[in-house]
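Engineer: Below are the chains, spelled out letter by letter.
2 protein chains.
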Amino acid sequence: MTNTNNKPLILVTNDDGVNARGIKALYEMVKGLGEIYIVAPNRANSGKSNSITVEVPIRIRKIRDEEDLKVFSCKGTPVDCVKLALNKIVPRQPDFVVSGINHGANTSVSVLYSGTMGATIEGCLAGIPSVGFSLDSFASKVDFSQCVKYGRKIFENVVKNGLPKSICLNVNFPEGDIKGVRVCRQADGMWKEEFDHRTDPFGGDYYWLTGHFKNAEPHAEDTDESAIRNGYASVVPTQIDMTAHHVLENLKTWDYEVLD
Amino acid sequence: MTNTNNKPLILVTNDDGVNARGIKALYEMVKGLGEIYIVAPNRANSGKSNSITVEVPIRIRKIRDEEDLKVFSCKGTPVDCVKLALNKIVPRQPDFVVSGINHGANTSVSVLYSGTMGATIEGCLAGIPSVGFSLDSFASKVDFSQCVKYGRKIFENVVKNGLPKSICLNVNFPEGDIKGVRVCRQADGMWKEEFDHRTDPFGGDYYWLTGHFKNAEPHAEDTDESAIRNGYASVVPTQIDMTAHHVLENLKTWDYEVLD
Chain A
1 MTNTNNKPLI
11 LVTNDDGVNA
21 RGIKALYEMV
31 KGLGEIYIVA
41 PNRANSGKSN
51 SITVEVPIRI
61 RKIRDEEDLK
71 VFSCKGTPVD
81 CVKLALNKIV
91 PRQPDFVVSG
101 INHGANTSVS
111 VLYSGTMGAT
121 IEGCLAGIPS
131 VGFSLDSFAS
141 KVDFSQCVKY
151 GRKIFENVVK
161 NGLPKSICLN
171 VNFPEGDIKG
181 VRVCRQADGM
191 WKEEFDHRTD
201 PFGGDYYWLT
211 GHFKNAEPHA
221 EDTDESAIRN
231 GYASVVPTQI
241 DMTAHHVLEN
251 LKTWDYEVLD
Chain B
1 MTNTNNKPLI
11 LVTNDDGVNA
21 RGIKALYEMV
31 KGLGEIYIVA
41 PNRANSGKSN
51 SITVEVPIRI
61 RKIRDEEDLK
71 VFSCKGTPVD
81 CVKLALNKIV
91 PRQPDFVVSG
101 INHGANTSVS
111 VLYSGTMGAT
121 IEGCLAGIPS
131 VGFSLDSFAS
141 KVDFSQCVKY
151 GRKIFENVVK
161 NGLPKSICLN
171 VNFPEGDIKG
181 VRVCRQADGM
191 WKEEFDHRTD
201 PFGGDYYWLT
211 GHFKNAEPHA
221 EDTDESAIRN
231 GYASVVPTQI
241 DMTAHHVLEN
251 LKTWDYEVLD
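Those sequence lines, one after another, are chains A and B. The opening residue of the first sequence carries number 1 in the UniProt record's numbering; numbering runs sequentially from there. The opening residue of the second sequence carries number 1 in the UniProt record's numbering; numbering runs sequentially from there.
Calculated directly from the structure, the hints in this document are not laboratory data. One should not assume that every hint holds.
Claimed, not checked - Each computed DSS-like pair below joins lysine-lysine, with the alpha-carbon atoms no more than 25 Å apart:
no., chain 1, residue 1, chain 2, residue 2
1, B, 192, A, 214
2, B, 214, B, 31
3, B, 75, A, 252
4, A, 7, A, 62
5, B, 214, A, 88
6, B, 75, A, 75
7, A, 165, B, 252
8, B, 165, A, 192
9, B, 7, A, 153
10, A, 75, A, 62
11, B, 252, A, 192
12, A, 214, B, 165
13, A, 88, A, 141
14, A, 192, B, 75
15, A, 252, B, 153
16, B, 75, B, 7
17, A, 252, B, 160
18, A, 149, B, 252
19, B, 192, A, 160
20, A, 62, A, 31
21, A, 179, B, 252
22, A, 88, B, 192
23, A, 149, A, 160
24, B, 192, A, 165
25, A, 165, B, 214
26, A, 252, B, 165
To be verified - Residues from chain A shown here face chain B by an in silico Cβ test under 7 Å; the list is partial:
no., residue
27, 50
28, 52
29, 138
For clarity, every value in this text was computed on a predicted model and none was experimentally measured. Cβ atoms here follow ideal geometry from the backbone N, Cα and C, with glycine treated the same way.
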């Protein structure tokens with residue numbers, strides 16, 4: 001665990017698991033830009049958000065050890081991976097955290113459910129410039145080459161300029177050819193859930209969560225959803241502070257007096 | 001599943017599980033204010049954030065059925081509980097969602113990891129005025145009576161005034177006597193992790209996640225952390241939009257041109 005070079009240290013993670021095609025594409029994206037540590041879940045962790053593992057211990061296994069590439073498989077959530085990497089694996093504080101490339105978009109409110117962005121936010125909380133990347137496709141053989149090219153360009157900007165404190169980037173790619181990059185805001189929208197209700201062989205009910213995303217502002221042009229629908233990569237600066245500062249004064253006018 | 005009265009419908013959930021003392025206190029807080037549906041995890045779900053269950057089906061069991069109180073136990077995360085409740089359990093869209101009372105504070109960045117706030121945010125995403133309540137104590141026999149009193153007053157304000165679109169409340173109580181209520185912003189801070197490294201009987205390494213919260217601005221007086229440290233209940237308006245709007249223009253000046 002000694003630092004024998006002055007290259008930037010880049011921590012790479014994801015939520016689809018250490019063997020996903022997307023994390024291999026992410027490695028291609030940052031290859032050559034520093035010393036790379038991949039610390040990723042041993043299996044798919046979609047929809048894990050910022051969740052952490054508190055009730056069972058976390059296990060970790062080194063599966064590759066080369067000069068500029070170390071790979072670890074972690075039996076935990078994406079956020080566990082980042083926490084464990086920062087505390088127990090990397091020889092020094094990483095210069096950058098990158099997460100992805102997720103199989104499936106994390107635009108709009110999906111930022112809240114996303115394990116890819118959970119890991120990115122965790123890097124940001126640790127004071128490290130962090131970027132999450134997602135591709136709007138679940139196709140197992142989808143082509144990541146355009147994402148690698150545009151993602152690297154975006155990442156080079158982060159290497160050059162850094163990121164403001166407590167702000168990370170949520171990058172989403174459209175499927176197919178990419179026309180360019182748009183800096184956007186998070187679209188307003190929600191997942192409309194449907195549940196597939198079934199009965200097990202013993203008479204018990206169970207439900208599979210399904211659903212589809214509904215954009216609440218399909219005609220807005222400055223959102224991440226609009227960008228990827230029109231063939232552009234979206235870059236949303238995403239902040240840790242969730243305070244709705246603009247309503248603080250109004251809430252202060254409420255009556256909070258409790259009479260005994 | 002018919003609506004036989006005009007009382008407000010209040011959906012109650014938590015992350016500590018349907019049998020936790022905190023959710024019983026929360027029921028006391030809202031009792032008499034409407035028709036109450038409790039839909040909560042069958043077991044503790046701390047640290048589950050906004051996570052959803054996608055790889056296994058969700059099971060649900062009705063465990064109580066009275067005129068103004070229905071109770072369901074759900075084998076899923078807090079967010080699963082809210083989604084399933086809204087889609088499959090309640091007879092109409094709830095008027096309010098309340099979550100908690102969590103055993104342990106969810107101030108500052110803990111809002112990001114909290115299952116209590118995950119459920120609250122899920123209610124907010126569905127367009128329902130939603131409030132999460134947490135008490136700064138893990139003591140199993142802690143007294144919730146002050147929380148019930150102050151929480152009810154806060155909740156009565158929400159009943160009277162509603163909440164702005166896409167904004168929910170994150171309420172935290174100090175342990176012991178409560179001096180009053182402060183409307184605050186989320187404190188800047190982070191969890192400093194430590195991992196307890198052990199070896200199993202078969203020679204395998206494993207890690208338990210532990211840690212302590214570090215307030216990055218201990219002298220600020222307008223934060224939730226400051227409020228509960230000084231004996232006040234904190235109310236933080238919490239928004240779904242995580243876009244850092246103030247840096248959009250700066251990021252637009254970056255060079256995104258990809259040369260073929």
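Engineer: All hints are to be evaluated individually against the structure, with a verdict given for each.
Structural biologist: Okay, the hints, checked on the actual structure:
{"no.": "1", "hint": "B:192 x A:214", "in the structure": "violated (37 Å)"}
{"no.": "2", "hint": "B:214 x B:31", "in the structure": "violated (36 Å)"}
{"no.": "3", "hint": "B:75 x A:252", "in the structure": "violated (38 Å)"}
{"no.": "4", "hint": "A:7 x A:62", "in the structure": "holds (21 Å)"}
{"no.": "5", "hint": "B:214 x A:88", "in the structure": "holds (19 Å)"}
{"no.": "6", "hint": "B:75 x A:75", "in the structure": "holds (22 Å)"}
{"no.": "7", "hint": "A:165 x B:252", "in the structure": "holds (18 Å)"}
{"no.": "8", "hint": "B:165 x A:192", "in the structure": "holds (17 Å)"}
{"no.": "9", "hint": "B:7 x A:153", "in the structure": "violated (56 Å)"}
{"no.": "10", "hint": "A:75 x A:62", "in the structure": "holds (12 Å)"}
{"no.": "11", "hint": "B:252 x A:192", "in the structure": "violated (32 Å)"}
{"no.": "12", "hint": "A:214 x B:165", "in the structure": "holds (16 Å)"}
{"no.": "13", "hint": "A:88 x A:141", "in the structure": "violated (34 Å)"}
{"no.": "14", "hint": "A:192 x B:75", "in the structure": "holds (21 Å)"}
{"no.": "15", "hint": "A:252 x B:153", "in the structure": "holds (14 Å)"}
{"no.": "16", "hint": "B:75 x B:7", "in the structure": "violated (28 Å)"}
{"no.": "17", "hint": "A:252 x B:160", "in the structure": "holds (15 Å)"}
{"no.": "18", "hint": "A:149 x B:252", "in the structure": "holds (19 Å)"}
{"no.": "19", "hint": "B:192 x A:160", "in the structure": "violated (28 Å)"}
{"no.": "20", "hint": "A:62 x A:31", "in the structure": "holds (19 Å)"}
{"no.": "21", "hint": "A:179 x B:252", "in the structure": "holds (16 Å)"}
{"no.": "22", "hint": "A:88 x B:192", "in the structure": "holds (13 Å)"}
{"no.": "23", "hint": "A:149 x A:160", "in the structure": "holds (17 Å)"}
{"no.": "24", "hint": "B:192 x A:165", "in the structure": "holds (17 Å)"}
{"no.": "25", "hint": "A:165 x B:214", "in the structure": "holds (16 Å)"}
{"no.": "26", "hint": "A:252 x B:165", "in the structure": "holds (18 Å)"}
{"no.": "27", "hint": "50", "in the structure": "holds (4 Å)"}
{"no.": "28", "hint": "52", "in the structure": "holds (4 Å)"}
{"no.": "29", "hint": "138", "in the structure": "violated (12 Å)"}
In terms of the numbered hints stated before, the structure departs from hints 1, 2, 3, 9, 11, 13, 16, 19 and 29, listed from lowest to highest.
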